[in-house]
Amino acid sequence: MNTVAIVDYGMGNLRSVAKAIEHVAPEARVLVTHQPALVASADRVVVPGQGAMPDCMRELAARGLLQSVIDATRRKPFLGICIGLQMLFDSSEEGGVSGLSVFGGRVRRFPAERMIGPNGVRLKVPHMGWNRVTQARPHALWQDIADGERFYFVHSYFVVPDDAALTAGRTEYGVDFTAAVAQDNIFAVQFHPEKSAQAGLALLGNFMRWKP
Amino acid sequence: MLAKRIIPCLDVNAGRVVKGVNFVGLRDAGDPVEIARRYDAQGADELTFLDITASSDDRDIILHVVEQVAEQVFIPLTVGGGIRAVEDVRRLLNAGADKVSMNTAAVQSPQLVAEASGKVGAQCIVVAIDAKCVSAEGEPARWQVFTHGGRKPTGLDAIEWARRVQALGAGEILLTSMDRDGTRIGFDLPLTRAIADAVDIPVIASGGVGNLAHLADGVTEGHADAVLAASIFHYGEFTVGQAKDFMRARGIEVR
Chain P
1 MNTVAIVDYG MGNLRSVAKA IEHVAPEARV LVTHQPALVA SADRVVVPGQ GAMPDCMREL
61 AARGLLQSVI DATRRKPFLG ICIGLQMLFD SSEEGGVSGL SVFGGRVRRF PAERMIGPNG
121 VRLKVPHMGW NRVTQARPHA LWQDIADGER FYFVHSYFVV PDDAALTAGR TEYGVDFTAA
181 VAQDNIFAVQ FHPEKSAQAG LALLGNFMRW KP
Chain X
1 MLAKRIIPCL DVNAGRVVKG VNFVGLRDAG DPVEIARRYD AQGADELTFL DITASSDDRD
61 IILHVVEQVA EQVFIPLTVG GGIRAVEDVR RLLNAGADKV SMNTAAVQSP QLVAEASGKV
121 GAQCIVVAID AKCVSAEGEP ARWQVFTHGG RKPTGLDAIE WARRVQALGA GEILLTSMDR
181 DGTRIGFDLP LTRAIADAVD IPVIASGGVG NLAHLADGVT EGHADAVLAA SIFHYGEFTV
241 GQAKDFMRAR GIEVR
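Same order as they appear, the protein sequences are chains P and X.
To convert, note that position 68 of the first sequence is 68 in UniProt numbering; the numbers rise steadily by one, no gaps.
To convert, note that position 199 of the second sequence is 199 in UniProt numbering; the numbers rise steadily by one, no gaps.
With the rest of the complex left out, here is chain P (with noise of 0.2 Å):
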């Protein structure tokens, strides 16, 4: 049986990431556990994430969750969303706070002097609706995906890999950020699957699938 632990740590819409997946991946079994030995034991892990970064190291933390999630990204099929990408990385500027460190880099807010867009309109932080993801190279999650399809975003910080090598996908708004990095088994997105219709579904179809 395909299991699926989807992490829950008290930040963000749960519920919609497990029905997506339910969606697509109909025989699988979705958890939405704050167990460690449940993450533990999953065969594939969602580590999703809203609101502010520091709240949600704190909540991570105060769940006994920092372990599993680390484990996770060393062993399975690994996922993660939004906050689930920021705190991969060393440090965010929001609140000054530390991530997990599985990536060196960092997650900035973006730059109020860089929020012009094209016909010198300002653009809005934070960065919410439908944009296009170009592809920096090929990966099983991409698969029947077009390149520079629109996913939903919401968020003021991206993340800033020390290694070019590791992002997966683009986004422009104001600046060029990395929009998802990949590296052995682990993929990770700053856009939403579980809310951009049938792009997002795929990607969520080719996570339950991927053999890294």
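None of these hints come from the bench; they were simulated from the model.
As the structure is a computational prediction, the values presented were derived from the model and not from experiment.
Treat each hint with caution, since some may be false.
Said to hold, decoys possible - Per the computed footprint, the stretches of chain X lying under chain P, defined by three or more beta-carbons under 8 Å from a beta-carbon of chain P, are: (1) 2-11; (2) 59-66; (3) 74-88; (4) 122-134.
Glycine is no exception: its CB is placed at the ideal position from the N, C-alpha and C atoms.
Following the hints, put chain X in place on chain P, whose structure we already have.
Quick look at chain X alone, frame taken from chain P:
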């Protein structure tokens, strides 16, 4: 480039979709789940549910509606109406809403916006502003905030209130012109533009859409980040796809 969003709005009364004309004279337009699925299939970028259920006995029905829709429709859902406490926000988010919209409660208790935003994040908090033009002819335009479905004046200037809710932690503003709502003669473009240019957070224009050009004007003239409409979509007059084709032809980025 970020696409401008098209958001069909579903007014929900005791679990059924209705649409008010100037908030009076409601007409039943059907089942929320079916309508949500149809809009998703048409390419809607997001859906907004406004719960207009009056009876407090029926207030929990919206939670079931949200749960059912969120199980089948995988685009962002905003729910507004009847929110009085952070607990109401939480319950809606847990049911599957992505954002919660507050109107009267925000005016009565601005601290609720700050508290909710602090708890669940600004990205989940929408403040709905119902504004009506109060300047005399010949004067520079001024708009005042109204609550209770447009019945109660608050004395608040709409532009100042928009800036204030941004500072309090709103992540988005849903702006409705009470002068235009239900009229089908187009958005109040000067109002939309004044608010959109006054804040750094996204603004959704609402109230008065009667044709596809109105939607495009909301973006090009009104500087809105998203446009919301109900009746032109509910009665099958136009599909969301047609709205997008029209906007694309006007040079607007859409999904």
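Here's how the hints hold up against the structure:
| no. | hint | result |
| --- | --- | --- |
| 1 | 2-11 | holds (count 4) |
| 2 | 59-66 | violated (count 0) |
| 3 | 74-88 | holds (count 3) |
| 4 | 122-134 | holds (count 3) |
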